[in-house]
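*Asks:* FYI, the numbering for the sequence shown is -21 to -1, 1 to 405, going by mature numbering (1 follows the signal peptide of the UniProt record, and there is no 0).
Just so you know, the hints here were simulated from the structure itself, not pulled from any lab data. One or more hints might be untrue.
Said to hold, decoys possible - Across the chosen pairs, the derived CB separations fall in these ranges:
hint : residue 1 : residue 2 : range
1    : R53       : R218      : 20 to 28 Å
2    : E129      : R97       : 18 to 26 Å
3    : R127      : H64       : 43 to 51 Å
4    : L148      : Q57       : 17 to 25 Å
Unchecked claim - List of simulated lysine to aspartate or glutamate pairs, EDC-like, C-alpha gap at most 20 Å:
hint : residue 1 : residue 2
5    : K84       : D151
6    : K216      : E244
7    : K216      : E206
8    : K216      : D242
9    : K355      : D403
10   : K84       : D69
11   : K196      : E209
12   : K398      : E385
13   : K84       : E154
Even for Gly, the Cβ is constructed at its ideal location relative to N, Cα and C.
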Amino acid sequence: MRATLWLLALFAVAVASALFAGNNQGTVTVFWPPWRLDLSLNLVLLGLALAFTTLYAALRGFAALIALPRQAQRWRLQQKERAMHGALLDALAQLMSGRFLRSRKAAQVALDQEASLRSTGSALPQAESVRVLANLVAADASHALQDRGERERHLEAALLPPTGMASALAQDLREGAQLRAARWSLDDREPAAALAGLAALPQGAARRTLALRIKLKATRLSQQTQEALETARLLGKHRAFSPAAAQSIVRGLATELIRSAHDPEQLTASWLALDASERAMPELAIHAAQRLAELGGEPAQVRRWLEPVWQQLVEHPGNLAELDARRLVRALETALDSLDATWLARIEAAQLANPRDTRLQYLAGVACMQRQLWGKAQQLLAQAAPALQDSGLRANAWRHLARLAEQRGDTEGALAAWKRAALDAA
(Lines of atoms letter the chains of each structure in order from A and count residues from 1; the text may use other names and numbers.)
(Lines give C-alpha, C1' and ligand atoms only; values in the text may rest on other atoms or scores of the structure.)
Protein backbone atom coordinates (compact mmCIF):
# COMPACT_ATOMS: atom_id res chain seq x y z
CA MET A 1 0.00 0.00 0.00
CA ARG A 2 2.82 2.38 0.88
CA ALA A 3 4.62 1.63 -2.43
CA THR A 4 1.40 2.38 -4.33
CA LEU A 5 1.04 5.73 -2.59
CA TRP A 6 4.65 6.63 -3.36
CA LEU A 7 4.13 5.71 -7.03
CA LEU A 8 1.00 7.86 -7.25
CA ALA A 9 2.84 10.77 -5.66
CA LEU A 10 5.70 10.39 -8.15
CA PHE A 11 3.28 10.47 -11.06
CA ALA A 12 1.63 13.57 -9.61
CA VAL A 13 5.00 15.37 -9.33
CA ALA A 14 5.90 14.35 -12.90
CA VAL A 15 2.60 15.67 -14.27
CA ALA A 16 2.91 18.94 -12.35
CA SER A 17 6.51 19.41 -13.56
CA ALA A 18 5.51 18.70 -17.16
CA LEU A 19 2.65 21.19 -17.03
CA PHE A 20 4.85 23.85 -15.46
CA ALA A 21 7.90 23.32 -17.70
CA GLY A 22 5.99 22.76 -20.99
CA ASN A 23 4.12 26.07 -20.96
CA ASN A 24 6.74 28.16 -19.15
CA GLN A 25 7.89 31.01 -21.43
CA GLY A 26 9.92 32.79 -18.77
CA THR A 27 13.53 33.75 -19.30
CA VAL A 28 16.35 34.86 -17.09
CA THR A 29 18.63 37.62 -18.42
CA VAL A 30 22.12 38.02 -17.06
CA PHE A 31 23.91 41.28 -17.76
CA TRP A 32 27.70 41.19 -17.69
CA PRO A 33 28.86 44.30 -19.55
CA PRO A 34 29.43 44.36 -22.39
CA TRP A 35 27.55 41.03 -22.66
CA ARG A 36 23.98 40.02 -22.20
CA LEU A 37 22.94 36.41 -21.64
CA ASP A 38 19.33 35.21 -21.98
CA LEU A 39 18.59 31.83 -20.36
CA SER A 40 15.42 29.81 -20.15
CA LEU A 41 13.85 29.76 -16.68
CA ASN A 42 13.57 25.95 -16.86
CA LEU A 43 17.28 25.66 -17.58
CA VAL A 44 18.16 27.95 -14.70
CA LEU A 45 16.02 25.95 -12.30
CA LEU A 46 17.55 22.68 -13.51
CA GLY A 47 21.05 24.13 -13.13
CA LEU A 48 20.32 25.29 -9.60
CA ALA A 49 19.00 21.85 -8.67
CA LEU A 50 22.10 20.16 -10.12
CA ALA A 51 24.40 22.59 -8.35
CA PHE A 52 22.66 22.00 -5.02
CA THR A 53 22.82 18.25 -5.48
CA THR A 54 26.51 18.35 -6.40
CA LEU A 55 27.39 20.60 -3.45
CA TYR A 56 25.40 18.45 -1.04
CA ALA A 57 27.09 15.26 -2.27
CA ALA A 58 30.52 16.88 -2.00
CA LEU A 59 29.87 18.02 1.54
CA ARG A 60 28.62 14.58 2.56
CA GLY A 61 31.63 12.93 1.02
CA PHE A 62 33.98 15.33 2.77
CA ALA A 63 32.21 14.70 6.10
CA ALA A 64 32.46 10.95 5.59
CA LEU A 65 36.17 11.29 4.83
CA ILE A 66 36.76 13.28 8.00
CA ALA A 67 34.72 10.72 10.07
CA LEU A 68 36.74 7.72 8.85
CA PRO A 69 39.23 7.73 11.79
CA ARG A 70 36.39 8.07 14.28
CA GLN A 71 34.46 5.25 12.65
CA ALA A 72 37.58 3.08 12.64
CA GLN A 73 38.03 3.74 16.35
CA ARG A 74 34.36 2.97 16.96
CA TRP A 75 34.69 -0.25 15.01
CA ARG A 76 37.72 -1.33 17.06
CA LEU A 77 35.84 -0.47 20.25
CA GLN A 78 32.84 -2.46 19.06
CA GLN A 79 35.04 -5.46 18.30
CA LYS A 80 36.59 -5.34 21.75
CA GLU A 81 33.17 -4.97 23.33
CA ARG A 82 31.88 -7.97 21.39
CA ALA A 83 34.94 -9.98 22.39
CA MET A 84 34.38 -9.03 26.04
CA HIS A 85 30.71 -10.07 26.00
CA GLY A 86 31.52 -13.23 24.05
CA ALA A 87 34.16 -14.22 26.60
CA LEU A 88 31.72 -13.63 29.46
CA LEU A 89 29.03 -15.75 27.78
CA ASP A 90 31.60 -18.46 27.09
CA ALA A 91 32.65 -18.41 30.75
CA LEU A 92 29.04 -18.84 31.87
CA ALA A 93 28.47 -21.68 29.40
CA GLN A 94 31.65 -23.47 30.49
CA LEU A 95 30.72 -23.03 34.15
CA MET A 96 27.28 -24.59 33.64
CA SER A 97 28.79 -27.49 31.70
CA GLY A 98 31.25 -28.24 34.49
CA ARG A 99 34.42 -27.13 32.68
CA PHE A 100 35.64 -24.92 35.47
CA LEU A 101 39.20 -24.32 34.30
CA ARG A 102 38.02 -23.16 30.87
CA SER A 103 35.37 -21.06 32.52
CA ARG A 104 37.92 -19.26 34.67
CA LYS A 105 40.17 -18.63 31.66
CA ALA A 106 37.25 -17.21 29.65
CA ALA A 107 36.27 -14.99 32.57
CA GLN A 108 39.85 -13.72 32.78
CA VAL A 109 39.74 -12.90 29.06
CA ALA A 110 36.60 -10.85 29.66
CA LEU A 111 38.33 -9.03 32.52
CA ASP A 112 41.36 -8.31 30.34
CA GLN A 113 39.16 -6.92 27.57
CA GLU A 114 37.33 -4.72 30.06
CA ALA A 115 40.62 -3.45 31.48
CA SER A 116 41.88 -2.72 27.95
CA LEU A 117 38.76 -0.72 27.15
CA ARG A 118 39.02 1.20 30.42
CA SER A 119 42.70 2.01 29.79
CA THR A 120 41.83 3.63 26.45
CA GLY A 121 39.35 5.93 28.15
CA SER A 122 36.39 4.36 26.36
CA ALA A 123 33.86 4.04 29.13
CA LEU A 124 31.09 1.54 28.43
CA PRO A 125 27.83 1.86 30.39
CA GLN A 126 27.84 -1.86 31.26
CA ALA A 127 31.59 -2.20 31.89
CA GLU A 128 31.25 -2.36 35.70
CA SER A 129 28.52 -4.98 35.46
CA VAL A 130 30.69 -7.10 33.19
CA ARG A 131 33.64 -6.72 35.57
CA VAL A 132 31.64 -7.83 38.61
CA LEU A 133 29.98 -10.74 36.80
CA ALA A 134 33.24 -11.94 35.28
CA ASN A 135 34.90 -11.88 38.71
CA LEU A 136 31.99 -13.81 40.21
CA VAL A 137 32.15 -16.45 37.47
CA ALA A 138 35.91 -16.79 37.96
CA ALA A 139 35.42 -17.05 41.73
CA ASP A 140 32.72 -19.67 41.29
CA ALA A 141 34.95 -21.71 38.99
CA SER A 142 37.86 -21.37 41.45
CA HIS A 143 35.60 -22.57 44.26
CA ALA A 144 34.72 -25.66 42.22
CA LEU A 145 38.44 -26.22 41.60
CA GLN A 146 39.17 -25.94 45.37
CA ASP A 147 41.40 -22.93 44.67
CA ARG A 148 40.51 -20.83 47.67
CA GLY A 149 43.15 -18.15 47.06
CA GLU A 150 41.89 -17.34 43.56
CA ARG A 151 38.32 -17.45 44.77
CA GLU A 152 38.96 -14.88 47.48
CA ARG A 153 40.93 -12.66 45.08
CA HIS A 154 38.13 -12.57 42.54
CA LEU A 155 35.53 -12.10 45.28
CA GLU A 156 37.36 -9.07 46.65
CA ALA A 157 37.55 -7.64 43.12
CA ALA A 158 33.81 -8.20 42.65
CA LEU A 159 33.05 -6.41 45.93
CA LEU A 160 35.03 -3.29 45.01
CA PRO A 161 32.82 -0.16 44.93
CA PRO A 162 31.69 0.35 41.31
CA THR A 163 32.00 3.68 39.55
CA GLY A 164 29.59 5.15 37.05
CA MET A 165 26.83 2.62 37.70
CA ALA A 166 23.25 3.02 38.85
CA SER A 167 22.99 2.58 42.61
CA ALA A 168 20.21 -0.01 42.35
CA LEU A 169 22.19 -2.20 39.95
CA ALA A 170 25.36 -1.83 42.03
CA GLN A 171 23.43 -2.87 45.15
CA ASP A 172 22.00 -5.92 43.38
CA LEU A 173 25.44 -7.02 42.19
CA ARG A 174 26.94 -6.60 45.64
CA GLU A 175 24.15 -8.56 47.29
CA GLY A 176 24.56 -11.30 44.70
CA ALA A 177 28.29 -11.51 45.44
CA GLN A 178 27.61 -11.69 49.18
CA LEU A 179 25.06 -14.46 48.71
CA ARG A 180 27.51 -16.45 46.57
CA ALA A 181 30.20 -15.99 49.23
CA ALA A 182 27.83 -17.28 51.91
CA ARG A 183 27.03 -20.31 49.77
CA TRP A 184 30.74 -21.02 49.27
CA SER A 185 31.32 -20.82 53.04
CA LEU A 186 28.51 -23.28 53.54
CA ASP A 187 30.08 -25.66 51.02
CA ASP A 188 33.35 -25.37 52.97
CA ARG A 189 31.51 -26.49 56.13
CA GLU A 190 31.99 -23.06 57.70
CA PRO A 191 28.48 -22.15 58.91
CA ALA A 192 29.74 -19.29 61.10
CA ALA A 193 31.26 -17.53 58.08
CA ALA A 194 28.07 -18.13 56.06
CA LEU A 195 25.91 -16.65 58.83
CA ALA A 196 28.26 -13.67 59.16
CA GLY A 197 27.97 -13.02 55.43
CA LEU A 198 24.19 -13.21 55.60
CA ALA A 199 24.15 -10.84 58.57
CA ALA A 200 25.97 -8.24 56.45
CA LEU A 201 23.11 -8.19 53.94
CA PRO A 202 20.39 -5.52 54.09
CA GLN A 203 17.20 -6.56 55.83
CA GLY A 204 15.25 -6.97 52.60
CA ALA A 205 17.92 -9.13 50.96
CA ALA A 206 18.31 -11.25 54.09
CA ARG A 207 14.63 -12.27 53.87
CA ARG A 208 14.81 -13.48 50.28
CA THR A 209 14.19 -17.15 49.65
CA LEU A 210 17.77 -17.86 48.56
CA ALA A 211 19.21 -16.19 51.65
CA LEU A 212 16.78 -18.05 53.91
CA ARG A 213 17.69 -21.38 52.31
CA ILE A 214 21.37 -20.73 52.97
CA LYS A 215 20.58 -19.62 56.51
CA LEU A 216 18.55 -22.76 57.16
CA LYS A 217 21.41 -25.01 56.10
CA ALA A 218 23.97 -22.97 58.04
CA THR A 219 21.96 -22.93 61.26
CA ARG A 220 21.32 -26.66 61.02
CA LEU A 221 25.00 -27.28 60.39
CA SER A 222 25.97 -25.15 63.38
CA GLN A 223 23.26 -26.85 65.51
CA GLN A 224 21.33 -23.62 66.11
CA THR A 225 18.04 -25.47 66.16
CA GLN A 226 15.84 -22.61 67.38
CA GLU A 227 17.14 -20.26 64.66
CA ALA A 228 16.79 -22.99 62.05
CA LEU A 229 13.19 -23.59 63.12
CA GLU A 230 12.31 -19.90 62.74
CA THR A 231 13.98 -19.83 59.32
CA ALA A 232 12.05 -22.93 58.23
CA ARG A 233 8.80 -21.23 59.26
CA LEU A 234 9.65 -18.20 57.10
CA LEU A 235 10.49 -20.44 54.14
CA GLY A 236 7.16 -22.20 54.59
CA LYS A 237 5.34 -18.85 54.52
CA HIS A 238 7.26 -17.88 51.36
CA ARG A 239 6.18 -21.18 49.74
CA ALA A 240 9.81 -22.17 49.21
CA PHE A 241 8.79 -25.79 49.85
CA SER A 242 5.69 -27.79 49.22
CA PRO A 243 3.31 -27.87 52.22
CA ALA A 244 4.23 -31.48 52.99
CA ALA A 245 7.97 -30.79 52.76
CA ALA A 246 7.68 -27.66 54.91
CA GLN A 247 5.73 -29.55 57.56
CA SER A 248 8.30 -32.36 57.53
CA ILE A 249 11.22 -29.94 57.93
CA VAL A 250 9.52 -28.04 60.74
CA ARG A 251 8.58 -31.28 62.47
CA GLY A 252 12.13 -32.57 62.24
CA LEU A 253 13.62 -29.37 63.64
CA ALA A 254 11.05 -29.21 66.43
CA THR A 255 11.83 -32.83 67.29
CA GLU A 256 15.52 -32.01 67.40
CA LEU A 257 14.79 -29.01 69.62
CA ILE A 258 12.82 -31.19 72.02
CA ARG A 259 15.53 -33.85 72.02
CA SER A 260 18.19 -31.29 72.91
CA ALA A 261 16.45 -30.31 76.18
CA HIS A 262 18.31 -31.51 79.30
CA ASP A 263 15.79 -30.79 82.07
CA PRO A 264 12.01 -30.38 82.38
CA GLU A 265 12.25 -26.58 82.60
CA GLN A 266 14.22 -26.29 79.36
CA LEU A 267 11.89 -28.75 77.66
CA THR A 268 8.83 -26.79 78.80
CA ALA A 269 10.31 -23.56 77.47
CA SER A 270 11.07 -25.21 74.12
CA TRP A 271 7.56 -26.65 73.95
CA LEU A 272 5.94 -23.29 74.65
CA ALA A 273 8.15 -21.66 71.99
CA LEU A 274 6.51 -23.82 69.32
CA ASP A 275 3.53 -22.53 67.37
CA ALA A 276 0.08 -23.82 68.20
CA SER A 277 -0.07 -25.66 64.87
CA GLU A 278 3.24 -27.37 65.67
CA ARG A 279 2.12 -28.39 69.17
CA ALA A 280 -0.96 -29.91 67.54
CA MET A 281 1.18 -32.35 65.53
CA PRO A 282 0.72 -35.81 67.09
CA GLU A 283 4.34 -36.82 66.48
CA LEU A 284 5.68 -33.75 68.30
CA ALA A 285 3.25 -33.98 71.20
CA ILE A 286 4.05 -37.65 71.78
CA HIS A 287 7.80 -37.09 71.44
CA ALA A 288 7.71 -34.14 73.85
CA ALA A 289 5.68 -36.12 76.39
CA GLN A 290 8.07 -39.09 76.17
CA ARG A 291 11.07 -36.79 76.56
CA LEU A 292 9.43 -35.11 79.57
CA ALA A 293 8.86 -38.51 81.15
CA GLU A 294 12.50 -39.44 80.51
CA LEU A 295 13.67 -36.24 82.20
CA GLY A 296 11.55 -36.94 85.27
CA GLY A 297 8.78 -34.46 84.58
CA GLU A 298 5.40 -34.49 86.30
CA PRO A 299 3.09 -37.26 85.01
CA ALA A 300 0.20 -34.80 85.09
CA GLN A 301 2.05 -32.50 82.70
CA VAL A 302 2.85 -35.46 80.44
CA ARG A 303 -0.83 -36.34 80.29
CA ARG A 304 -1.72 -32.68 79.64
CA TRP A 305 0.56 -32.55 76.59
CA LEU A 306 -0.90 -35.81 75.34
CA GLU A 307 -4.53 -34.78 75.81
CA PRO A 308 -5.06 -33.32 72.25
CA VAL A 309 -3.66 -36.49 70.69
CA TRP A 310 -5.80 -38.60 73.00
CA GLN A 311 -8.91 -36.71 71.91
CA GLN A 312 -7.99 -37.33 68.29
CA LEU A 313 -7.54 -41.04 68.95
CA VAL A 314 -10.90 -41.27 70.72
CA GLU A 315 -12.97 -39.06 68.42
CA HIS A 316 -11.29 -39.77 65.05
CA PRO A 317 -9.30 -43.00 65.38
CA GLY A 318 -8.88 -43.32 61.62
CA ASN A 319 -7.05 -39.98 61.33
CA LEU A 320 -4.22 -41.03 63.63
CA ALA A 321 -1.47 -43.18 62.19
CA GLU A 322 -1.02 -46.63 63.67
CA LEU A 323 2.54 -45.88 64.77
CA ASP A 324 1.45 -42.66 66.49
CA ALA A 325 -1.38 -44.51 68.23
CA ARG A 326 1.03 -47.11 69.61
CA ARG A 327 3.46 -44.42 70.75
CA LEU A 328 0.58 -42.59 72.42
CA VAL A 329 -0.41 -45.68 74.37
CA ARG A 330 3.18 -46.22 75.48
CA ALA A 331 3.59 -42.58 76.47
CA LEU A 332 0.35 -42.64 78.48
CA GLU A 333 1.44 -45.88 80.14
CA THR A 334 4.52 -44.14 81.55
CA ALA A 335 2.33 -41.32 82.95
CA LEU A 336 -0.16 -43.48 84.83
CA ASP A 337 1.70 -43.49 88.16
CA SER A 338 -0.41 -40.72 89.69
CA LEU A 339 -3.52 -41.31 87.63
CA ASP A 340 -6.50 -39.30 88.84
CA ALA A 341 -10.14 -40.29 88.62
CA THR A 342 -10.76 -37.97 85.66
CA TRP A 343 -8.25 -39.67 83.43
CA LEU A 344 -9.35 -43.12 84.59
CA ALA A 345 -12.91 -42.23 83.59
CA ARG A 346 -11.68 -40.99 80.22
CA ILE A 347 -9.80 -44.20 79.51
CA GLU A 348 -12.69 -46.41 80.60
CA ALA A 349 -15.18 -44.38 78.52
CA ALA A 350 -12.93 -44.60 75.46
CA GLN A 351 -12.55 -48.37 75.94
CA LEU A 352 -16.28 -48.88 76.29
CA ALA A 353 -16.93 -46.74 73.21
CA ASN A 354 -14.41 -48.81 71.19
CA PRO A 355 -14.57 -52.31 72.68
CA ARG A 356 -12.71 -53.87 69.73
CA ASP A 357 -9.69 -51.58 70.09
CA THR A 358 -7.13 -53.79 71.82
CA ARG A 359 -4.84 -50.82 72.46
CA LEU A 360 -7.52 -49.12 74.55
CA GLN A 361 -8.23 -52.41 76.33
CA TYR A 362 -4.55 -52.69 77.21
CA LEU A 363 -4.37 -49.08 78.42
CA ALA A 364 -7.53 -49.47 80.50
CA GLY A 365 -6.10 -52.64 82.05
CA VAL A 366 -2.85 -50.86 82.99
CA ALA A 367 -4.85 -47.94 84.43
CA CYS A 368 -6.89 -50.32 86.54
CA MET A 369 -3.64 -51.87 87.79
CA GLN A 370 -2.40 -48.45 88.86
CA ARG A 371 -5.67 -47.89 90.73
CA GLN A 372 -5.33 -51.41 92.25
CA LEU A 373 -8.44 -52.71 90.55
CA TRP A 374 -6.88 -56.15 90.15
CA GLY A 375 -9.88 -58.10 88.92
CA LYS A 376 -10.84 -55.65 86.22
CA ALA A 377 -7.22 -55.25 85.19
CA GLN A 378 -6.88 -59.04 84.89
CA GLN A 379 -9.97 -59.24 82.70
CA LEU A 380 -8.98 -56.41 80.34
CA LEU A 381 -5.35 -57.47 79.96
CA ALA A 382 -6.32 -61.11 79.36
CA GLN A 383 -8.62 -60.00 76.55
CA ALA A 384 -6.08 -57.60 75.02
CA ALA A 385 -2.84 -59.60 75.26
CA PRO A 386 -3.49 -62.27 72.58
CA ALA A 387 -4.96 -59.76 70.10
CA LEU A 388 -2.45 -56.91 70.30
CA GLN A 389 -0.66 -56.32 66.99
CA ASP A 390 2.38 -54.56 68.44
CA SER A 391 4.88 -57.04 69.85
CA GLY A 392 6.14 -54.57 72.45
CA LEU A 393 2.67 -53.88 73.84
CA ARG A 394 1.85 -57.56 73.70
CA ALA A 395 4.97 -58.43 75.70
CA ASN A 396 4.13 -55.75 78.27
CA ALA A 397 0.59 -57.11 78.58
CA TRP A 398 1.92 -60.60 79.35
CA ARG A 399 4.31 -59.14 81.92
CA HIS A 400 1.45 -57.36 83.67
CA LEU A 401 -0.57 -60.58 83.64
CA ALA A 402 2.41 -62.44 85.11
CA ARG A 403 2.66 -59.94 87.97
CA LEU A 404 -1.08 -60.20 88.61
CA ALA A 405 -0.78 -64.00 88.69
CA GLU A 406 2.09 -63.77 91.17
CA GLN A 407 -0.03 -61.53 93.41
CA ARG A 408 -2.77 -64.18 93.36
CA GLY A 409 -0.24 -66.92 94.08
CA ASP A 410 -0.86 -68.56 90.69
CA THR A 411 2.69 -69.74 90.02
CA GLU A 412 1.80 -71.83 86.99
CA GLY A 413 -0.14 -68.97 85.39
CA ALA A 414 2.69 -66.53 86.14
CA LEU A 415 5.28 -68.81 84.51
CA ALA A 416 3.11 -69.22 81.43
CA ALA A 417 2.65 -65.43 81.17
CA TRP A 418 6.38 -64.79 81.63
CA LYS A 419 7.10 -67.32 78.90
CA ARG A 420 4.70 -65.63 76.50
CA ALA A 421 6.25 -62.25 77.34
CA ALA A 422 9.73 -63.56 76.62
CA LEU A 423 8.64 -65.01 73.28
CA ASP A 424 6.99 -61.75 72.19
CA ALA A 425 9.97 -59.68 73.35
CA ALA A 426 12.29 -61.85 71.29
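*Asks:* Please list, smallest to largest, the hint numbers that this structure does not respect.
*Replies:* 1, 3, 5, 6, 8, 9 and 13
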